[in-house]
Amino acid sequence: MTSADHHTGHAEHATTTGITHNKMMMWSFLASDCMFFGTLIMMYMVYRPDMAELGGVGPNDLLDIPFSSLMTFVLLMSSLAFVLGLSALQRGNHAGMRVWLSATAILGLLFLGGEGFEYMKFYNEGLSLGTNVFGTAYFVTTGFHKLHVLIGVIWLLGLVAMSYRGQIGVHQSEKVEIAGLYWHFVDIVWIVIFTFIFLVPYR
Amino acid sequence: MSEQAHHPSDRTYLKVGSLLFILTAIEIALYFVEDALESEWSLYALIASLIILSSMKFVLVVMYYMHLKWDDRMFTWFFLAGMFVAAAIILAMMALYRYY
Amino acid sequence: MAQAVAAKDEQLDRWAVIWDWITTSDHKKIGLLYFWTSLTFFFVGGLLALGVRSQLAVPNSTMISPDVYNQFFTMHALVMIFLALMPMSVAFFNYIIPLQIGARDVAFPRLNSFSYWVYLFGGLLLCSGFLFGEAPDIGWTGYTSLSSAQYTPGMSGDFYVMGLQVLGISSLAGGLNFFVTIVNMRAPGMSLMRMPIFVWMSLITFVLIMLAFPSLTVALFALMMDRNFDTVFFSASDGSVVMWQHLFWIFGHPEVYILILPAFGIISEVLPTFSRKPLFGYSFVVFSGIAIAFLGFGVWVHHMFTVGMGPIPNMVFSTTTMLIAIPTGVKILNWVATLWGGSIRLTTAMLFATAFVGMFTIGGISGVMHAAVPIDYWQHDTYFVVAHLHYVLFGGTMFGLIAGTYYWFPKMFGRYMSESIGRVHFWLTLIGFNLTFFPMHFLGVDGMPRRIYTYPSDYGYELWNMVATIGAYLLGLGMALMVYNLIKSIRSGEPASADPWDGRTIEWTTTSPPAKHNFDHTPQIRARDDFWDQKYNRKGEAETTPAEEHIHLPPGSYIPLLVALGLMLMGAGVIFTLWLSVIGGIVVTVGLFAWAFEPND
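From first to last, the protein sequence lines stand for chains H, W and B. In terms of this note's numbering, the first sequence opens at residue 1 and continues consecutively. In terms of this note's numbering, the second sequence opens at residue 1001 and continues consecutively. In terms of this note's numbering, the third sequence opens at residue 2001 and continues consecutively.
No lab work stands behind these hints, which were simulated from the structure alone. One or more hints might be untrue.
[Stated by the list, open to error] Interface residues of chain H toward chain B, partial, derived using beta-carbon atoms under 8 Å:
hint : residue
1    : 17
2    : 21
3    : 29
4    : 129
5    : 140
Every residue, glycine too, gets a C-beta built ideally from N, C-alpha and C.
Modelling step: build the complete structure from the supplied sequences, incorporating the hints.
Take a look at the structure:
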C-alpha cells in the first residue's frame, strides 16, 4: 500500500482541505496501521501472563534488556537523523539531506541487523516459531515491525537516489516528510513494543 | 491550514532527541532497580512509571517529529481515532482474558 | 481484399477496447467492471444457495454428499459477502461518489484499478478451490480449531485463508482511496453537511474498513502461520482457541455495518427523490450513522455469548448491542417520515427502497432479540440466526443495492430499465424472499441447527423446509429476471435524459452516461440537495466556473494489474508451493517500483 504514497499527485488541482492527497493518504494509512499493530500487540498482551512460567525458553531466560536498549537507542536516533535531514532539505541543503537520510537508513539497517542477530540467538537457544506461545507471539509481532522497518529503509534509499538525480526540489520536501511520517510511526510502534514486550517484567 | 508555516528548528529537534534519550535511559534504569527489589509494590510502581514514560516518548515523537503540533488538526483526529479504537480493544481483551 | 482489411481493423479495434478496459483508471469504467463482476459472483453464490436449499428440501436427503454440502454453504457465504455484496457496493462507490461530490476521478486512480484487479484475482483464488474439489468447507467464520491444520488438513483451509487475505488488501486499498477522495476532492462549496447522504454513509463505511480490516488481516495471517508454519496462536494447549473468534468478530461486526451502511445511503437517496421531499432529519441520519459505526466496535462479543465468558461480559456486550438499536431506529423513523406527505412515485427503485425499510426492520428486530443473552442461548446456531442475517443482508443490503441499480441505471447507461419487467422482478423477489427466509424463524425456534446437512423426518421440519426451498427458486427466478431486464434495457431501453427522475443531487446535472471527464464545469455547491435547489429555488441562475479549457485526466496503466497478479501468486504459493510466493513477491516488488516511477500526469 505504500506504493500509493509514491504517487506523484495532482499538484495543479487544489484540494478541498488544502492538504495533498498523498499526505492525507499517509495519515489515513497510519490510522489504519494503528489497528494492525494494535491487534498484534493485543494478542501479545493476552498471551503475556502465560509466558512467565515457560521454563527454559521463556522471556525471562531469553530477553536481553541491555542489548534491546541499545537497539532502541539506535532506532530513536534514526528518527532524530531523519528530522535533521528533512530540516536540511527545507533550508535548501541537499547534500545535508542526503547525508542525514543515509544515516537514517544505516541506523535502520543496524537495527535490523541487531534484531536479526537476536533472532538467531533465540533460535540457537531453542526458541522457534512453534516452541511455545512466546516464540509465536514474539517472532510474529516484532517480525511485522521489522518488515515495516525494512520497507522504510528501502523507501529512504529510494529518496536518496531520487535526490541524487535531482528529483526532490526544496518545494517537494513533502515527499520526504511523508516518508518521515511512516518512519516515525515505526519508531513509536517500537516505543510501545519495547515497553510492553521487553521492560514490563514477566511474573 | 498553515501546515507549511512553521518548521521547527534543528535546535528543537535535538532537544526532543535528547529528551527521548533521557526518558529511555530512565526507563531502563527503573527496570534494573525494580529487578533488584522484586516486590509486588515495586512491580506496580514500575509498570505505572513505564506507562507514563513511554507515553511521554510517544507524544514527543508524534507532536514534534511527526509535526502534529503544527499540522492540520484533522490528522490529530485521524490518529486519535485509530489509537482510541486500538487501545480500547487491547484493554477490553486483556480484561476479558484476565478475569473471565 | 478491402473486406479483409476492414475485418482486421475491427479485430485490432477489439483488442484496443479490451486493452483500454484492462488498463483503465476511469472510475466509471472500474465501477462497471465491479458491477458486472459482482453480479456474476452473485449468481455463483445464488446457485450454491440453491444447492443448499435443494439438499434441505426433504428430510434424509442425500442429493449431494456431506462434503460437497459443507463446501456449498461455506462458499455461498464467502462469495455473497466478499465477492458479491461488498463489491457491488464498491461498484456504486466507484461510479457515483465522484459524480456526487463533483470530482473528475478518485484521488488515486491507479490504486483504484489495483483494488479491482486484486478483488477479481482474490475472488478467483478463493473460488478455485472447487477446481480441486477442496473449496473451503469450514463455515465463513472459519472457527479454530476446526480450521487448524489438525482438523482441516489439505488445501481447503488455505484457500479460505489466502483468498480472504488477498481480498482484504483490495478492500483496504479501496477504503483508503475513497476516504481520501471524499475528504479531499469535494466540489467548491460542498461542506461536510452538504454532502449527499450516500456519500456520508460511504465515508463512514470507509472509516470502518480502515479500522476493522487490519484485525482480519492479523487473524488470517496468524491462522496461516498456525496452519503452515507451526505457530501456536490458536492451539488449544499453548495459545487460545477462542482468540480466533475474538479477532474474527472484532473485524466481523464492523463488517456487518460495512455491508449495510452503503445500502442505507442508497435508500436515503431513493426515498427523497421519489417522494419529492428532502430527507427528513438529514443531520440525524448522519450522526446516527456515525454512532452506529462507533458502537459497532464495541459489540463483537455478542457473537460469542455461548463461549462461556460469564454473566458480566455477556451483560456488558448485550447492553452495547441493544444501544445500537437506537441509532438504527432513528434512521428507520427518518425514512418513514420522509415518505410521510410526499408525492410518491412508485417506480421499481422506490418499491425496492420501501421494501428495504420493512424487511430491514424485521431483520433488525430479530437482531435485538439475539442481543438478549438468554434468548441468544436458545437461538444460537439455529436457523433463527440464518433468518435474521438474511433479512438484514438480503432484505437489507441486497434490496438497497437493487434499488440503487434501478435508480442509477439511467445515469450509467443512458437508458431506463424496463419498469414493467421491474415490477414483476420486484414482486417475485419480495414474495420469494419472504417465502424462503420467514419460515426459517420457525425452524430456528423449533431447534433446527444451522449448517446441518440433513434432518430426520419426524422433527416437524419438513413443511417449512419445503416452503423455503420453493421460495428460494422463486427468488432465483426473480433475480434472473433482473439480469434479463439489465441486458434488454442496455440494448433497447427507453432513452433517458440527464435528469430522468427529477433528482436532487449533482450527479444528475451531467449527461447520461457522463462524459469521460464527468463535468464540463466544476460544479459550485450552494446548498444541500444542490441540484434540486438550483432547479426550484434559484431558478436558472447559471452558477458554474467558466468552462475549463484543459481538463487533465490521468492515463491508464497496466501496472496495477501486474501487481495484483503478483499478489495472487503470493497467496497461491502458500496453498501450493512456496516457490510461487517467491515469484509473486518478485512481481509485486518490480511492479511497485515501476508504479512509483511510472510517469502519470
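Hints, verified against the model:
1. 17: Holds - the Cβ of residue 17 of chain H comes within 8 Å of chain B, reaching about 6 Å at its closest.
2. 21: Result: holds, 4 Å to nearest chain B Cβ.
3. 29: holds, 6 Å
4. 129: holds, 5 Å
5. 140: holds, 6 Å
Checked against the numbered hints above, the structure breaks none of them.
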